[in-house]
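Colleague: Based on the hints, put chain B in the right spot on chain A.
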Amino acid sequence: MSELKTAAISQPQQTWSVRKPRNLNFRRNLEGYLYILPWLIGFFVLTLGPFIAAFVISLHSWDMLTPMKFIGLNNYQTLLKDPLFWKSLRITLIFALVGLPLQLALALLLAVLVNGKNRINLAYRAIFFLPSVSSGVATAILWRWMLNPEFGLINVGIRAVGVPPPPWLSSQGWALPAVIFMSLWGVGSTMLIYLAGLQSIPDQLYESAAIDGANLWAKFRYITLPMMSSTIFFTFIIGVINTFQIFTQVYVLTNGGPNNATLFYVLYMYQRSFQAFKMGYASALAWVLFLLVLVITLIQFKLAGRWVYYESGEE
Amino acid sequence: MASSSATMVYRPRKRFPFAQVLRYVALTLLAFLFVTPLIWMFSTSFKTTGQAYHFPPEFIPSPLTFDSYTNLWTGSIPFNEFYLNTTVIVIFSEIGTLFSCTLAAYAFARLRWWGRNIWFGVLLATMMLPFQVIMIPVYIIFRSLGWLDSWLPLIIPTFLGNPFYIFLLRQFFLGLPRDLEDAACVDGAGSLRILWQIFIPLSKPVLLTVVMFTFVSAWNDFLGPLLYLTSIDKMTVSVGLSMFIGRQGATNWPNLMAGATLALLPIVVMFLLFQKYFVKGIALTGLKG
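Sequence lines, in order, name chains A and B. Quick note: the first sequence, position 189, residue 189 per the numbering used here, numbers continuous. Quick note: the second sequence, position 90, residue 90 per the numbering used here, numbers continuous.
Pulled out of the complex, with its shape left as it was, chain A reads as follows (with noise of 0.2 Å):
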């Protein structure tokens, strides 16, 4: 975020020295706010007034039938006891800190090995990245069928060498795994993130590190790993922030079962809100989501700096 920052500030302000009248200024602004009025009366409508209200329906107790009803913080004393508010939460978590380094590793490998500008390597860069356009209502079904324990693809392969497979979607051990190696399918785009990131890194390193007589594995612990710190630390970020907006996928799959064992965290609002119409209930919902997105924003603003290496002298 740091670089959008500066880009919009370095831009060279041109300066008119000579006088301007007042009405040409009044033409300029206008002109401007003119070709950003779209945007604008989307960002007051659509998001700040949204924004706003959401916060405001969280004070409530509110069905969208009856009139709402003044509760103070009472939603949210109830959210810090609602055990499916903490298991959503949990579940959240764990994808975040189980499936996204996973999927994040599998990208890295993806990338280190279709490093290179022939043609091969162009091939199967785009099937691993077809997957991840995908993504959508008919890859999730057709993770249900890949998943069927008795004849989808994947049991079959299991069985076939001869160890008990296990009953991924409609059990509630398994179907938290069953998610997040499906997930493990859309990595494609980070892949191509971490190409951009590895193309970025000078020849001169492994060329030195060769001469030193560093192997495959140094070159890669001690060369790729550091340089690319920066770009796996984003993709973290990204892919968290990602996580608790996760919905589609599970919505399709499991539908949050069994017994609640896949409720992601959006998916718990969703019930709430448009299913159970605790809208009052569901807006703190969202204002929490808020909250833990923000946080999660400022920990990479603190953290970005001290945790990983940047190449000095590029702004």
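In short, the hints are calculated from the structure, not lab data. Some hints could be false.
Covered by chain A, according to a simulated footprint, are these stretches of chain B (three or more residues, beta-carbon under 8 Å) [to be verified]:
1. 122-130
2. 157-164
Which residues of chain A face chain B? A few of them, derived with a C-beta cut under 10 Å, are [stated by the list, open to error]:
3. N25
4. N29
5. G136
6. F244
7. T248
Have a look at the derived ranges for each label pair, beta carbon to beta carbon [claimed, not checked]:
8. B:S62 - A:Y206: 50 to 56 Å
9. B:P201 - A:S171: 54 to 60 Å
10. B:A26 - A:A214: 17 to 23 Å
For glycine and all other residues, C-beta sits at the position ideal for the given N, C-alpha and C.
Modeller: Relative to the frame of chain A, chain B by itself:
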């Protein structure tokens, strides 16, 4: 393979490229794992229910049946209508996105007006806000406008800008040389004409990236149609497809896989034709963040 042996010639210090061989073995294995689900989906869609449960599984069904596809196109769930509906929504989303985002991006990149940097900061901040935080009030707004069960809540917001695409376009516009527009300015062209006649033609790659991203997100959108649409003749492919599961249980896998294949088809075609623009978009936004 020919190219890899050619590079060997130029590097005499390498004796046998163990690492290279290992790399291509690993790549082929992984690629196989990544492609298998798609092939499996495609092959199941041409099976009968009986064949789908056959053991050991067959990748090339014999005999091949198109029943699932004819079911989808003429059966009780009007998949052809879903297809048409989604296409209409996608087209309007493209128009709306290109219109609103190009204008705003141009103002942020080139025009000088009071408060520009402040508003740009606001724009960046909104990129961090998950839609789910504001989903309930947004739903209520559309409800009070009487727009529920219509496509308006899916289409109108695209005419009101998307911070992600505005940012992408603005970064590209910043990189365009100023000479051309200065010349046009001297010739007395207004800013709208400069945008239309100079910026748009020069920005085809990034505009195509935006078109691709908009296409994929509008085609795949699930939460939006799920919230706003109720009658079946207005449904989109994604929500329509999810209704199959409820209606037919999880039993008719060939039908479901035919539906999934049809839902993925436009995305895959777009991907194969315009892969470069998808890649560019990911690299740009991923790195600039």
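Colleague: Against this structure, judge whether each hint is valid.
Modeller: Results of checking the hints against the structure:
Coverage of a stretch by a chain is defined here by at least three residues with a beta carbon nearer than 8 Å to that chain's beta carbons; for the region 122-130 of chain B and chain A the count is 7, and the condition holds. Only residues whose C-beta sits within less than 8 Å of a C-beta in chain A count toward coverage, and the region 157-164 of chain B has 5 of them, enough to reach three; the restraint holds. Because the closest C-beta pair between A:N25 and chain B is about 8 Å apart, less than 10 Å, the hint holds. Because the beta carbon of A:N29 sits about 5 Å from the nearest beta carbon in chain B, less than 10 Å, this interface hint is met.
Annotation: A:G136 was flagged as interfacial toward chain B, and the flag holds, the nearest CB pair being 4 Å apart, inside 10 Å. At a threshold of 10 Å, the smallest CB-CB gap from A:F244 to chain B is about 7 Å, leaving the interface hint in force. Hint on A:T248 holds. Least Cβ distance to chain B is approximately 4 Å, under the 10 Å limit. Distance hint for B:S62 and A:Y206: a CB-CB separation of about 51 Å, consistent with the stated range 50 to 56 Å.
About 57 Å separates the C-beta atoms of B:P201 and A:S171, a value consistent with the hinted range of 54 to 60 Å. Between B:A26 and A:A214 the C-beta distance comes to about 21 Å, which sits within the given range of 17 to 23 Å.
Every hint from the earlier list agrees with this structure, and none is contradicted.
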